[in-house]
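Enquirer: Please build the complete structure, drawing on both the sequences and the hints.
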Amino acid sequence: MSYIVEMFHITKDFPGIRANDDITLQIEERSIHALLGENGAGKSTLMSILFGLYQPDGGSIRVRGKEVKISDPNVATSLGIGMVHQHFKLVHNFTVTENIILGMEPHKGPVIDIRTAEQKVEEISRLYGLAVDPRAKIEDISVSMQQRVEILKMLYRDAEILIFDEPTAVLTPQEIHELMQIMRRLVEEGKTILLITHKLKEIKEVADVCTVLRRGKFVGTVPVADTDEEKMAEMMVGRQVSFHVEKMPAKPGDELLRIEQLNVKNLKGVLGVKNLSLTVRAGEVLGLCGIDGNGQTELVQAVTGLCKIESGKIYLKDKDITHLSIKERTDRGLGHIPEDRQKHGLVLDFTMGENFIIHNYYEKPFANFGILNKKAIFENAERLIQEFDVRSGQGAMTPARAMSGGNQQKAIVAREIDRSPDVFVVVQPTRGLDVGAIEYIHKRIIEERDKNKAIFLVSLELDEIMDVSDRIAVIYNGEIVGIVDAAATNENELGLMMSGALRKTRSTPHPAHEAVHA
Amino acid sequence: MTARKEKIVLPLIAVLLGFVLGSLIVKLTGRSPLSMYAAIIKGFSGIDILNGQPINTRYIGEFVIQAMPIILTGLSFAFASRTGLFSIGAEGQLMIGSISATAVALLLEAPKGIHLPLVLLAGILGGALWGAIPGLLKARYNVHEVVVTIMMNYIALHFNNFVILHLFGSADRVKTAPFPTTALLKSPFLESITRNSRLNWGFIPVILALLIFSFIINKTTFGYSLRAVGYNKEAARYAGMKVSRNIVASMAIAGAFAGLAGAVITVGTFNFGRVIQSAEGYGFDGIAVALVGGNEATGILLAGMLFGGLKAAQPLMQSQGIPREIAGIIQASIVLFVAMKYGIKMVIDKFERKQAPSTEGDRV
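Protein chains in written order, with this note's numbering: chain P, 30 to 547; chain F, 7 to 370.
Bear in mind the hints are in silico, worked out from the structure with no lab data behind them. It is possible that part of the hints are untrue.
[To be verified] Simulated DEER-style distance windows between Cβ atoms: (1) Leu124(F) to Glu357(P): 37 to 43 Å; (2) Glu331(F) to Met426(P): 57 to 63 Å; (3) Lys166(P) to Ser250(F): 32 to 38 Å; (4) Arg448(P) to Leu30(F): 58 to 64 Å.
Even for Gly, the Cβ is constructed at its ideal location relative to N, Cα and C.
Expert: In structure tokens, the structure reads:
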């Protein structure tokens, strides 16, 4: 088989960092080629060079054997290269077809010929089994459908080489499975796929060849059939990685967080959380699992004070915090890693230094009589960056916007863990992170638990819930349908509970009186 | 380009392009761009390159007078802007500042050391109060500040005229009785060294305002929380900041800057309270100044002087046979080019890329 894309000795520098250092990548036609690496390893940079978003400082690119200069994305498109970005670029109040034809609208005279376009979209959709309604509005369709619209956009432009930038980060397990099938179908029809990811499972499932990058350098290219997840992880991180969280059995103590008969309305004005009671004790991790949209967000917002509740009580260390402000809750020892890091976790236009002090910017040593102490802020940032291995080009002075998603997440985790709150609400702490970082963050969460803090972990990743939690509460349709011991359950049981098919009601509303729990 | 370089280079290019466009229009009307530049240079310095006159401090004084209020209204717009608010209210806040200063100037009798600071303080407080109202409406009822501030400009205008006409027994239908000298910023000394220009001590509060602006925004915890709200309201709320309180405070402080501008005009440039026929454009000039100045104190100072100089050059241009509106066109096109900064940046980047392999970028 011949190579359709070849990148030779690509080098790319950013201020303070060499993102790509002499990387060579050869991609066979009609294959799925995975590009594996940690956050900040240079995967996205390399693909952005191929897509014409960046110009390399050194090296050359060949497409179909011919040397090319990809000076902007239009050149890439004309070469048949398309890219599905991690954050979709869609106009929300446009229909699927309107989004797809944007920039190359077919027209009859002065009028856009939407009918013909819709037919073409429908045809492509059917050919590749995408099942997208060309007339649906983007705001009305699910995230996985939106992703398919992005795929359609490339196919509509006759792309032959499809770059997927971490496509599964936003999908549920079922949707990931469907995406894998779509990818295989695309290859069957003659396309070539470049898959950027750090999820080893997916590579093993779908990719033919895998190239590993580490800190901007080329580590190796291996046929996926000849390798396994452990070996790829080792290549990626540079050391052996354990996939399972090492931890001692929990020694639960007092109830630090107690939720009683909580009712919360969601954005649609109906009850998203119904009569929910839960307790989290010192020295344990309570995992909350459920399918996205079953009341997790409302529950977390009610506990952290971000939304109003209808009725019920919330106690923090036996003090009623139901009607306290966010700030008062924080001051009383509540910590929170929010679900949406860019919207809620960080001020993207702030530097790292400024982001790290967002909770206590007015306190010593960061401020004296209302005046910021730049030196203390700087030192604090450098310490956290060092300790949590946050990769940032200019250290404390890096704007959060200039960092990769994974490193943004690491920065939030660093900031929150550093405060060491007594009750720690952790939502999707490892979303979009690589195995090395996940291992590290899980370790830090367990360390907090062992310092006798109460951890309330909310995650859509079942593996994470099962690995880190001591007890697992399952939420379905705004209600807790059961609380089980993490050591005594399995994926199957949890899956049944998550879909509402199985209920395991608790014997007492206050499990504090029980022993280590069953 | 690095972010810092960008902040300096892009406005400079915008200014340059603004002048190029202005010259083209002058050329199109059949006049000489050279005489336009001569008028502008004279507006800034008094130097007359066509007739060979040397520097004349009177012109410098007059152009500083023009720059002072629009620097302050520029600070006003910029301050709200840094908190993510788009305040069109500087014009009205300036009028309320002006009427407050007028009231204290006329009604109070005190030695200069007390009277003048109180007059300025009244202007500041009046503007702050007027600015706090849209802030409150925004924070409490989520009413958009653009709408409220525009409406309040009209209320301020008519309130100002009502007060002038009815309360201070104005000598004619246009102005109040003259202020006592204890309330004035006027300085015979400054006038004498600038050949009887209207230059007054007003530049001192302007410099203080610039320093205070920069200090609050960059050095204080208050400024930190304002910027956090401005950049990302949701993240600020998640971190437990009082977003509503910050919005009110930011609008009030923005109003204070504009109110001070009103006081400086009233007891500096004039020495009586005036009936105002219609908005005098200080507010909109302030928006232009803040945009060109990049919402930073230094930038606002420079942009304010530039636009002040252009204003001062208008009558001189007219005497050269060039329509005074050309100065307005130059100012407007500078703002337009600043708004087009991404386009300008793209062109520069493309040019740089051709020159040498590019080495910049921002995502790692």
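Enquirer: Would you mind marking each hint as holding or not holding in the structure?
Expert: Here is how each hint holds up against the structure:
no.	hint	verdict
1	Leu124(F) to Glu357(P): 37 to 43 Å	holds, 40 Å
2	Glu331(F) to Met426(P): 57 to 63 Å	violated, 45 Å
3	Lys166(P) to Ser250(F): 32 to 38 Å	holds, 33 Å
4	Arg448(P) to Leu30(F): 58 to 64 Å	holds, 59 Å
In summary, the structure is inconsistent with hint 2 from the numbered list given earlier, while agreeing with all the others.
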